[in-house]
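Kindly produce the complete structure, drawing on both the sequences and the hints.
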Amino acid sequence: MQSIKNIYKIGPGPSSSHTFGPMKASSYMLEKYPEADRFDVILYGSLALTGKGHLTDMIIKKTLNPKETNIEFNLKDTCKHPNTMTIEAFKENQSLGKHQFVSVGGGKIEIDGQKNDEVDDVYPHSTMDDIQNYCKQRHLRLDQYIDIFEGPEFDAYMKNIFKAMLKCVKTGLNKTGVLPGSLKLDRVAHALFQSANSCEDITDKNNLLVCSYAYAASEQNASGGMVVTAPTMGSCGVLPSLVYHFYHDLHYPKVTLIQGLKVAGLIGNLIQTNATISGAKAGCQAEVGAACAMGSAMVAYCQMQANEQIECAAEIGLEHHLGLTCDPVGGYVMIPCIERNAVAATRCIDAARLAKYIRNVKKNRVSFDMVVKTMNLTGKKLPIELKESALGGLAVVVPDKV
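Start counting the sequence shown at 1; every next residue gets the next number (UniProt numbering).
Quick caveat, the hints were computed from the structure, so don't treat them as lab data.
Just so you know, not all the hints are guaranteed correct.
Dumping the calculated DSS-like pairs for lysine-lysine here, alpha-carbon to alpha-carbon at most 30 Å [unchecked claim]: (1) K5 with K32; (2) K136 with K167; (3) K380 with K76; (4) K32 with K61; (5) K136 with K80; (6) K115 with K76; (7) K363 with K80; (8) K76 with K62; (9) K80 with K98; (10) K5 with K115; (11) K61 with K5; (12) K356 with K159; (13) K184 with K170; (14) K356 with K373; (15) K5 with K76; (16) K115 with K380; (17) K170 with K205; (18) K175 with K136.
Structure follows, in structure tokens:
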């Protein structure tokens, strides 16, 4: 299993698969064919269907600028993976080379059928069952297990991730106005934050604060701001909202939260390894559902729960998102995405609380590995209309223009 670095990446929104991935593909072509004076790009599947709403064409042109760039949204032909694109480089109308790219989620791409991963496998295990057995035999916490295989340089990387998460929430909280695109949605994070601070009931206040932070990060993403894939950009509001709340409101130590983020990253890593984190492949259960599993594990860790309780929290977080569709209105990462991030963030706290006590009463019949397998099988059963194509669900019921 690969490094957790492949789960947490900093980049421009609004989509890790539709924006970040195509940006990396374009950069690859620029580096390989610096002499090219023109690039022809063809987008297929979900990239073609929702590319405009996800700013796919804009990021490609921006990355390849000032080269001439032609983009075709191919809505007829199908590919094995829904996030497929080809780029052909030309010089004086002579082809220099053509490559196929697959944006597999979380900003990762495959080139001509080969994985293009920056980090080699670092973990000897690829299931939670194996990890738990390894830790039990050696009396290790999950964060200690991660530190053994990631190495000492990983701390510096995670400190940057922590900082970027706090920054995107803070920036989003201080912005007002309308999000870009035809939906003309108002930014609401700032107003939610003000409402939270006027609450007298502490429970209502904390819930609203978490929601306002999730909105803040998600609104930054929807407007093309810099965010952290956690595990994707479509679900980038869940983890940062929890980090911001636990750090600024509950005053948890920075070192504890960074270790908690590592554990969350391990959960996301297992989901990506054994299933998918791509909404185009398995629906929103693979994005917000995965983020909820990650956030639930982080909260459980920060509350000093045992390894088995952390796994239980992650399993609860993912299990109750099974079957969640990806049906973005207008192809934008706004409706229902932003609200889903806020709801999932509060669910993380509930899942960790439930796991803390349920494990004292009984052994959980549903393991984390089981629910990941189930999510993958469920994703394969979802129709294309409900997997980031904007062809079904809310996308065809809710008007995409004011």
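Each hint tested on the structure:
no. : hint           : result
1   : K5 with K32    : holds (25 Å)
2   : K136 with K167 : violated (37 Å)
3   : K380 with K76  : holds (21 Å)
4   : K32 with K61   : holds (17 Å)
5   : K136 with K80  : violated (40 Å)
6   : K115 with K76  : holds (26 Å)
7   : K363 with K80  : violated (40 Å)
8   : K76 with K62   : holds (26 Å)
9   : K80 with K98   : holds (18 Å)
10  : K5 with K115   : holds (16 Å)
11  : K61 with K5    : holds (27 Å)
12  : K356 with K159 : holds (28 Å)
13  : K184 with K170 : holds (22 Å)
14  : K356 with K373 : holds (24 Å)
15  : K5 with K76    : violated (36 Å)
16  : K115 with K380 : holds (22 Å)
17  : K170 with K205 : holds (18 Å)
18  : K175 with K136 : violated (47 Å)
Checked against the numbered hints given earlier, this structure breaks hints 2, 5, 7, 15 and 18; the rest are met.
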